[in-house]
Amino acid sequence: MPFALLKYGLSSEYPAEVDLPPPTELKASYDVVIIGGGGHGLAIAYYLAKYHGVTNVAVLEKAYLGGGNTARNTAVIRSNYLTSEGVRFYSASVKLFQNLSNEFDFNIMYSERGQLTLAHTDATVRAFRQRAEVNKHFGGRTEMIDRQQIAELVPSLNLDPGHLPVLEGLWHRDGATARHDAVAWGYAKEAAKRGVEIHQLTEVQDLIVEDGRLTGVKTNRGTVRCGCAVQAVAGHSSVLAAKAGFRLPIVSYPLQAMVTQPIKPFLDPLVSSSAMHCYVQQTSRGEVVFGGGSDPYPLYNTRSTLELKESLIASGLEMFPFLAKAKLMRQWGGITDMTPDYSPIMGESPVENYYLDAGWGTWGFKATPICGKTMAQLVASGGQVPDLIRPFSLARFANFEQVNEMGATAASH
Amino acid sequence: MKILNCPLNGPRNISEFVYGGELKTMPDPATCSDREWAEHVFYHDNQPGMITEWWFHTASGYWFLAERHLLTDEVQRTFDPGELFRQRIEFSREESAS
Numbered sequence: 001m002p003f004a005l006l007k008y009g010l011s012s013e014y015p016a017e018v019d020l021p022p023p024t025e026l027k028a029s030y031d032v033v034i035i036g037g038g039g040h041g042l043a044i045a046y047y048l049a050k051y052h053g054v055t056n057v058a059v060l061e062k063a064y065l066g067g068g069n070t071a072r073n074t075a076v077i078r079s080n081y082l083t084s085e086g087v088r089f090y091s092a093s094v095k096l097f098q099n100l101s102n103e104f105d106f107n108i109m110y111s112e113r114g115q116l117t118l119a120h121t122d123a124t125v126r127a128f129r130q131r132a133e134v135n136k137h138f139g140g141r142t143e144m145i146d147r148q149q150i151a152e153l154v155p156s157l158n159l160d161p162g163h164l165p166v167l168e169g170l171w172h173r174d175g176a177t178a179r180h181d182a183v184a185w186g187y188a189k190e191a192a193k194r195g196v197e198i199h200q201l202t203e204v205q206d207l208i209v210e211d212g213r214l215t216g217v218k219t220n221r222g223t224v225r226c227g228c229a230v231q232a233v234a235g236h237s238s239v240l241a242a243k244a245g246f247r248l249p250i251v252s253y254p255l256q257a258m259v260t261q262p263i264k265p266f267l268d269p270l271v272s273s274s275a276m277h278c279y280v281q282q283t284s285r286g287e288v289v290f291g292g293g294s295d296p297y298p299l300y301n302t303r304s305t306l307e308l309k310e311s312l313i314a315s316g317l318e319m320f321p322f323l324a325k326a327k328l329m330r331q332w333g334g335i336t337d338m339t340p341d342y343s344p345i346m347g348e349s350p351v352e353n354y355y356l357d358a359g360w361g362t363w364g365f366k367a368t369p370i371c372g373k374t375m376a377q378l379v380a381s382g383g384q385v386p387d388l389i390r391p392f393s394l395a396r397f398a399n400f401e402q403v404n405e406m407g408a409t410a411a412s413h
Numbered sequence: 001m002k003i004l005n006c007p008l009n010g011p012r013n014i015s016e017f018v019y020g021g022e023l024k025t026m027p028d029p030a031t032c033s034d035r036e037w038a039e040h041v042f043y044h045d046n047q048p049g050m051i052t053e054w055w056f057h058t059a060s061g062y063w064f065l066a067e068r069h070l071l072t073d074e075v076q077r078t079f080d081p082g083e084l085f086r087q088r089i090e091f092s093r094e095e096s097a098s
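Listed in order, the protein sequences are those of chains A and B.
Under the numbering used here, residue 413 is the last one in the first sequence; the count climbs by one each step, no gaps.
Under the numbering used here, residue 98 is the last one in the second sequence; the count climbs by one each step, no gaps.
Rather than coming from a laboratory, the hints here were simulated on the basis of the structure.
Listed next, the in silico DSS-like pairs over lysine-lysine satisfying Cα-Cα at most 27 angstroms (straight line): (1) B/Lys24 - B/Lys2; (2) B/Lys24 - A/Lys243; (3) A/Lys136 - A/Lys95; (4) A/Lys243 - A/Lys62; (5) A/Lys62 - A/Lys218; (6) A/Lys50 - A/Lys27; (7) A/Lys327 - B/Lys2; (8) A/Lys189 - A/Lys62; (9) B/Lys2 - A/Lys309.
Let the hints inform the model, and build the full structure from the sequences given.
Written out as structure tokens, the structure is:
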């Protein structure tokens, strides 16, 4: 057997696959510069190259591919939102996710388990009924289920946690997870194959704005001119916007999550409860992921705090008491750019030729494909905003037309 | 456990406090434009440096100001708003013509 393996390795019929071409020098100018090499930035580059034939594109990433918030989320995919604008947008994302492994010919480990959100009060039950109806209207698979059905779906769940007995549940069949790194790398690989340049360790230090138009960016590797640029830097949206000379309706909070050592599979759906500020899921490796609310005040720092861990674990154990014996393996934090209406900001900015992909708070990963696709349309058309993302413009705040999704967050932030 | 120094009650556990947003100057709601009002309500500097912000001590119902670094979480100073707001603010009562 080892001999066959050696033969396979040396055979020219199976050449080593190159994910990304080796780094090159930065060109003096590009048609499009994308600032931020996370899932979103790479997805925009991929769809630009694939559907619009725009390949003179550079993705500039200050650290490593998908090393920022793409690597720091809890990889939940769902579309059970509250507003018609939100449901339409996130439903389109779920549909793209479902076919992404085929499209890339690369396994992103998309795993459709369904998401169960628990209602502990009559008010929540009513709000969930509305969400289920809005969701069904736009083709999502969402329904209300009772205690009996919840017990059959998740036998290990404690239906009477402390002072908050479970009344009903919002069962969202389209809820899923995917491997976040694989999503970023899938996009990177396919974009690079089509000619997009991906520059890691390339930090954008300043933006060149002349007469209200963006004409280039200054990086730690020199100045680059560009036809237009997109900022896709979750966690630092306000910082970059300030360099372009404007402010955003964003406050940045840390969001912490943690994972236990792997245990036997016991939990198929993703279970969340905003009343208990906690969501729980088991990965395909058997680890149990806990996520919850954001830190109570803004900060640009991903440090771990004991308070958040304690409250998160307390809620997690109310839901699944037997996890008391599990050992925590890892903890991490990311910076979430929260907007006042809990919806993202996509589209034009006050600076011409400078597009925004910002304000992704705690809902960025699940929007990766559709955000990439629609932002690519916007960029390729030279500023024509696609209908799907029109409601998420920065102008909605000045016009008082917010898209209020606060009630649809997985844990209340 | 993080401790915040309340100018009225002394050092207290951070869980006794609620964050109240960046300190901003409020435009006169009767005379400002919609744009200025939106700027005031929704927009923030949100830069990773030293900022002045409002905090509320829930147990005693007391609002105060703090200077905190948004990157290091270091609180440099907490002080009574009386240091900044020495005069009563009067807003114009006249409705803008519409």
